[in-house]
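> Sequence:
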Amino acid sequence: MLICGGSMEVRCKLFMGTLKKAALDWFSGLPDRSITDFDVFSRLFMTQFAANKKKPPITSDLFDLKQQREESLKDFLQRFNEVALRIASLDERMAVIAFQKGLRSGAFDIALEKESC
Numbered sequence: 001m002l003i004c005g006g007s008m009e010v011r012c013k014l015f016m017g018t019l020k021k022a023a024l025d026w027f028s029g030l031p032d033r034s035i036t037d038f039d040v041f042s043r044l045f046m047t048q049f050a051a052n053k054k055k056p057p058i059t060s061d062l063f064d065l066k067q068q069r070e071e072s073l074k075d076f077l078q079r080f081n082e083v084a085l086r087i088a089s090l091d092e093r094m095a096v097i098a099f100q101k102g103l104r105s106g107a108f109d110i111a112l113e114k115e116s117c
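Going letter by letter, the sequence shown gives residues 1 to 117 in the UniProt record's numbering.
Check each hint, because a few of them may be wrong.
What the hints assert, rightly or not - No farther apart than 25 Å at their CA atoms in a straight line, the calculated lysine-lysine pairs in the BS3-like style are these:
(1) K13 <-> K53
(2) K74 <-> K101
(3) K20 <-> K55
(4) K66 <-> K55
(5) K21 <-> K55
(6) K54 <-> K66
(7) K54 <-> K20
(8) K53 <-> K21
(9) K21 <-> K54
(10) K55 <-> K101
(11) K53 <-> K20
(12) K66 <-> K101
Keep in mind the hints are simulated off the structure, nothing from the lab. None of the values given here were measured: they were computed from a predicted structure.
Work out the full structure, taking the sequences as your base and the hints as a guide.
Right under this line is the structure:
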């Protein structure tokens, strides 16, 4: 929600109306009159909830991806690429190694190992 213009009091009241679950519980637990203006409120809110923001993946996260027992090579490659494409500065050599390490043992895995020697 983008709040443009309006008094600080209006901004605070509008923003408070958007709170749900954990954020609402947090807000309800604040001491009375501890919010003096919207800047204080937004700073407290960001300090409390900034850690909940999902971090973008990094190259080493690719090593956590493993081909599942019944997962086709095509499906694993698609899932692997979905993560790899979100990595800002992907190290392609490490991505190839992570992909190879994530493959189930089988003919394709063995062929890849022979090719890289």
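> Assess, step by step, whether the Cα of K66 is no farther than 25 Å from the Cα of K101, and give holds or violated.
At roughly 8 Å apart (the allowed maximum being 25 Å), K101 and K66 satisfy the hint.
> For a C-alpha distance cap of 25 Å, please report whether K21 and K54 respect it.
18 Å, holds
> Taking 25 Å as the top limit, are the C-alpha atoms of K53 and K21 close enough?
Holds: K53 and K21 sit about 16 Å apart, inside 25 Å.
> Given the hinted pair K20 and K55, is their Cα-Cα distance within 25 Å?
22 Å, holds
> Verify the proposed pairing of K53 with K20, using a straight-line Cα cut of 25 Å.
16 Å, holds
> Quickly compare the C-alpha distance for K13 and K53 to 25 Å and report which way the hint goes.
Since the Cα atoms of K13 and K53 sit roughly 24 Å apart, the hinted pair holds (cutoff 25 Å).
> Has the given pair, K54 with K20, been kept, meaning a C-alpha gap of at most 25 Å?
Measuring from Cα to Cα gives roughly 18 Å; hence the hint holds.
> Quick one, are K21 and K55 close enough, alpha carbons at most 25 Å?
22 Å, holds
> Are the Cα atoms of K66 and K55 separated by 25 Å or less?
20 Å, holds
> For K74 and K101, compute the direct alpha-carbon distance and say whether it is at most 25 Å.
This hinted pair holds, its Cα atoms lying about 16 Å apart.
> Straight-line Cα separation of K54 and K66 no greater than 25 Å?
21 Å, holds
> Going straight from one Cα to the other, do K55 and K101 come out at no more than 25 Å?
Holds: K55 and K101 sit about 23 Å apart, inside 25 Å.
Hint check: no violations occur; every hint is consistent with the structure.
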